[in-house]
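Produce the entire structure from the sequences given, and follow the hints as far as they go.
Number of protein chains: 2
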Amino acid sequence: MIKSNRTEQTIQQIKVSVDCIIFGFNDNKLELLLIKKKDEPEKGKWSLIGGFVGFDEDLDEAANRILSDLSGLQDIYMEQIKTFGKVNRCSFDRVISSTYSAMILKSSYTEDQIEKYNAQWFPITEVPELIFDHNDMVDIAIKRMRRRVRNFPIAFNLLPSKFTLPQLQALYEGILDETLDKRNFRRKVSQMNYLVKLEEKDMTESRRGAFLYRFDEAWYKKEKHFNL
Amino acid sequence: MIKSNRTEQTIQQIKVSVDCIIFGFNDNKLELLLIKKKDEPEKGKWSLIGGFVGFDEDLDEAANRILSDLSGLQDIYMEQIKTFGKVNRCSFDRVISSTYSAMILKSSYTEDQIEKYNAQWFPITEVPELIFDHNDMVDIAIKRMRRRVRNFPIAFNLLPSKFTLPQLQALYEGILDETLDKRNFRRKVSQMNYLVKLEEKDMTESRRGAFLYRFDEAWYKKEKHFNL
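Quick note, the sequences are listed as chains A and B, same order. Throughout, my numbering is defined as the position within the first sequence, counted from one, plus 912. Throughout, my numbering is defined as the position within the second sequence, counted from one, plus 912.
Since the hints were made in silico from the structure, they are not lab data. Note that CB positions come from ideal geometry on N, CA and C, so glycine has one too. Careful: at least some of the hints might be erroneous.
[Claimed, not checked] Label-pair restraints from in silico Cβ distances:
#  : chain 1 : residue 1 : chain 2 : residue 2 : range
1  : B       : N1000     : A       : K1133     : 21 to 31 Å
2  : A       : Q924      : B       : K1109     : 50 to 60 Å
3  : A       : T1116     : B       : Q924      : 22 to 32 Å
4  : B       : Q924      : A       : L1110     : 48 to 58 Å
5  : B       : E1038     : A       : E1129     : 27 to 37 Å
6  : B       : E1085     : A       : P953      : 29 to 39 Å
7  : B       : E1038     : A       : K1100     : 34 to 44 Å
8  : A       : K941      : B       : Y989      : 30 to 40 Å
9  : A       : F967      : B       : R1098     : 52 to 62 Å
10 : B       : R1098     : A       : G956      : 54 to 64 Å
11 : A       : P953      : B       : K957      : 51 to 61 Å
12 : A       : R1120     : B       : E1111     : 19 to 29 Å
13 : B       : P1065     : A       : D1048     : 34 to 44 Å
Following this line, the structure appears as structure tokens:
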């Protein structure tokens, strides 16, 4: 018995986990994918998509493996957000957790998957109480994502390959949760050299139609992202 | 013997460390603080300021404790940058490491401390080969820091409380390692509402003198940091 206790002490080490924060864009609104815990001690509670990092897997790999194992989502490029390491953040273990995040089209996650994985989408204005410090994780991911959206063209993969400026503005407004001044928005957009105006028009929304645009990734990569 | 081997296996867990990336600003140039490892197996090699996180300390606390223990630097606000978690990043152990970074005035770190802690400043254009993936850590921290400097007034604590626009421009040029167009720079600066022009002039650099400015933190906090 004494021996076993000593072993327990020896292995009193910090555990490492990953939590995935998946935002879904739907009808110009942002939602958050959560799963209901199946096991004690957190059974029945809402949680981010998280699990422990294996001894033999890279941290980034672990994030993708855990996302796939627990939600079925595959081939999602996630960005590392922040590592949470308060001593008491988890109620029963010392765990530090790296958060990863991605923004997808809600429609790319099927109803079958939702059911299979005990998952559910929540509007980000109505996120329920989550386990541990997961609500803090979500808050920080939302802030980071909004900041990035203002500075990088990371939201373009949520649009069709050809889109109108009203569509683009609605996308930004949905993500940022604020109304943008149309003239101001157009002025900013006109400075984005990686937005290419096409000769085609979309005629579905108005009689005059709206010019279609496409995102030129090559142009974007050539440019410097920031200009002081 | 068998028992001991089993114990070894049981405790084959990931270790957690922190690495601190301290940039020093001096004579309008950025430098990086490194320490020479004293112990095997990395003895004599250059390294970031890093160590293991204790079981009973928050990750952020660990970063500050390690920075203080290994460099003597205290009360430095560091920002978490990124967590590095490749399986083989450390040659003899499985360690994931969270990086933290700060920018200080080089002059605030004394020669006595440099000697006591086996430390040395290197121009960031002349960073030597570092242990593990520390060179990658530095590269990412530099990029992040430059991006932040373009978007947030994080560099103002490196200036005297009253400063001229040429001083401000030299600071930005030093950090970004590029020459900025003076007119463009002034135009951008004029949009920073948190820069307050004073009635005083600095007369040391030219006969006409240059108006002094101060940074108004309260104004900055009221404002939104980004404008789409």
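Going down the list of hints, with the structure as the test:
no.	hint	verdict
1	B/N1000 to A/K1133: 21 to 31 Å	holds (30 Å)
2	A/Q924 to B/K1109: 50 to 60 Å	holds (58 Å)
3	A/T1116 to B/Q924: 22 to 32 Å	violated (60 Å)
4	B/Q924 to A/L1110: 48 to 58 Å	holds (57 Å)
5	B/E1038 to A/E1129: 27 to 37 Å	holds (34 Å)
6	B/E1085 to A/P953: 29 to 39 Å	violated (55 Å)
7	B/E1038 to A/K1100: 34 to 44 Å	holds (39 Å)
8	A/K941 to B/Y989: 30 to 40 Å	holds (36 Å)
9	A/F967 to B/R1098: 52 to 62 Å	holds (55 Å)
10	B/R1098 to A/G956: 54 to 64 Å	holds (60 Å)
11	A/P953 to B/K957: 51 to 61 Å	violated (44 Å)
12	A/R1120 to B/E1111: 19 to 29 Å	violated (54 Å)
13	B/P1065 to A/D1048: 34 to 44 Å	violated (25 Å)
When held up to the earlier numbered hints, the structure conflicts with 3, 6, 11, 12 and 13 and fits the remainder.
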